[in-house]
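Protein chains: 2
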Amino acid sequence: MATLGTDVQTPRLAAARIGSDVGLLLAKLHAAGSVLNNRALADFGLRERSFSILTLACSGLEPTQRELADFLSLDPSQVVTLVDDLERRGLVERAQGKQDRRAKIIVSTAEGRRMHTKARAAMDSAELDQLAVLSGEESQELKRLLRKALWGAAE
Amino acid sequence: MATLGTDVQTPRLAAARIGSDVGLLLAKLHAAGSVLNNRALADFGLRERSFSILTLACSGLEPTQRELADFLSLDPSQVVTLVDDLERRGLVERAQGKQDRRAKIIVSTAEGRRMHTKARAAMDSAELDQLAVLSGEESQELKRLLRKALWGAAE
DNA sequence: AAACAATCGTTGACTTTTTCAATGATCCGT
DNA sequence: ACGGATCATTGAAAAAGTCAACGATTGTTT
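Heads up: the protein sequence lines correspond to chains A and B, in order.
Residue numbers 60 to 214, in the numbering used here, belong to the letters of the first sequence in order.
Residue numbers 60 to 214, in the numbering used here, belong to the letters of the second sequence in order.
By construction, these hints were calculated from the structure, which means they are not laboratory data.
A quick note: this is a predicted structure, and the numbers were derived from the prediction, not measured.
We treat Cβ as the ideally placed atom computed from N, Cα and C, and that holds for glycine.
Hints are supplied without guarantee of correctness; some may be wrong.
If you want a taste of the chain A side facing chain B, the calculated C-beta under 10 Å gives, among others [what the hints assert, rightly or not]: (1) Leu72; (2) Arg76; (3) Val81; (4) Leu84; (5) Phe110; (6) Ser118; (7) Val192; (8) Leu193; (9) Leu204.
Derived BS3-like pairs: lysine-lysine, alpha-carbon spacing no greater than 27 Å straight-line [claimed, not checked]: (10) Lys207/A x Lys202/B; (11) Lys177/B x Lys202/B; (12) Lys202/B x Lys202/A; (13) Lys202/A x Lys207/B; (14) Lys202/A x Lys177/A; (15) Lys207/B x Lys207/A.
Required output: the full structure, derived from the provided sequences and hints.
Dropping the structure here:
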């Protein structure tokens with residue numbers, strides 16, 4: 060399985076000072092990764108975002124739409140659209156909030172969990188592909204640093 | 060100077076398996092960083108992208124618009140718009156390509172370099188803010204890993 | 001050297017995504 | 001019970017992304 064999609068060699072402009080800007084590095088790696096991920100998910104009729112929601116619906120954490128919006132950095136109205144689609148396809152369901160009846164809890168169906176298992180495998184493979192140039196330890200360290208930068212200490 | 064903007068504490072949903080997805084981590088950190096960066100650049104009438112182009116125009120690398128598009132993961136037509144704006148404000152100029160007269164080389168004006176110096180300071184500060192929870196070594200390591208994932212070995 | 005296909009910047013049309021205000025239902029504090 | 005806040009939802013407006021076509025120029029083929 061050959062690596063493809065990402066820049067194979069360092070472009071000339073990477074030499075500029077901006078080649079060390081975290082913002083740019085994140086943007087580029089994120090952009091490249093999205094292409095790979097969406098390509099991997101296309102077989103399942105999913106995209107990065109719907110996959111994220113499906114994953115969280117399968118997590119057992121019983122997220123509300125508001126939590127999904129906050130966690131995924133989306134507008135609540137975008138979550139509505141994404142959940143509408145997944146629900147229409149029978150992959151997730153809206154359940155009434157337990158303490159709060161305004162809230163809708165998103166849970167997966169059995170079909171949704173089957174779909175998620177397959178899609179997860181494709182995503183893991185895509186991620187492996189994207190980080191192919193890193194060693195296993197480096198990949199782990201990268202993820203740890205990203206998590207720490209986002210959510211502080213923890214571990 | 061207090062830290063603000065990023066999630067201060069780990070959200071409940073981060074516990075899900077997806078909390079380790081590189082794609083999601085990149086998306087979230089990138090989103091959070093963009094807010095900080097654009098806020099820092101607002102004083103100069105710049106945004107992340109125009110700042111990137113200005114930086115590369117100041118780099119001495121004499122990038123063509125095509126190179127800018129490739130490097131910044133933008134459509135060539137988006138580069139046109141961005142350069143139009145910077146040129147209208149007298150920060151950069153379009154010079155004729157040297158080997159290729161179809162290409163336009165983007166170079167900074169003296170005014171553009173003054174602007175860049177000030178904006179760069181603001182950006183560095185914003186970056187420091189975003190990575191405040193990481194140690195100096197960790198920040199360096201994060202950048203190294205991002206660069207490696209993007210452009211392979213190098214250093 | 002003439003013809004051909006490919007590339008660069010640019011424009012304009014088109015689609016998708018983002019953003020935001022407004023709404024009914026429900027929750028919470030007083 | 002009242003008032004203000006929050007939830008999901010809708011719809012409209014703004015912004016961003018995508019894409020095909022064009023003139024000018026390049027490199028390649030004949």
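Here is how each hint holds up against the structure:
For the restraint placing leucine 72/A at the interface with chain B, the shortest Cβ-Cβ distance is roughly 4 Å, inside the 10 Å limit, so the hint holds. Interface restraint check for arginine 76/A: the shortest CB-CB distance to chain B comes to about 7 Å, inside 10 Å, so the restraint holds. Nearest Cβ of chain B to the Cβ of valine 81/A: about 5 Å, under the 10 Å cut. The hint holds. Residue-level restraint check for leucine 84/A holds (minimum Cβ-Cβ distance to chain B is 4 Å; threshold 10 Å).
Because the closest C-beta pair between phenylalanine 110/A and chain B is about 9 Å apart, less than 10 Å, the hint holds. Taking 10 Å as the C-beta cut-off, the interface hint given for serine 118/A holds, the closest approach to chain B being about 4 Å. Annotation: interface hint on valine 192/A holds; nearest CB of chain B at approximately 5 Å, less than 10 Å. About 6 Å separates the beta-carbon of leucine 193/A from the nearest beta-carbon of chain B, less than 10 Å, and the hint is met.
Taking 10 Å as the C-beta cut-off, the interface hint given for leucine 204/A holds, the closest approach to chain B being about 4 Å. Using a Cα cut-off of 27 Å, the hinted pair lysine 207/A and lysine 202/B holds, with the two alpha carbons roughly 14 Å apart. At most 27 Å may separate the alpha-carbon atoms for a hinted pair to count; lysine 177/B and lysine 202/B meet this at roughly 23 Å. As the CA atoms of lysine 202/B and lysine 202/A are separated by approximately 12 Å, the hinted pair is consistent with the 27 Å bound.
For a cut-off of 27 Å, the pair hint linking lysine 202/A to lysine 207/B stands: about 14 Å separates their Cα positions. Between lysine 202/A and lysine 177/A the CA atoms are separated by roughly 23 Å; this keeps the pair inside 27 Å, and the hint holds. At roughly 19 Å between alpha-carbon atoms, lysine 207/B and lysine 207/A fall within 27 Å of each other, so this suggested pair holds.
Every hint, counting from the list given before, is met by this structure.
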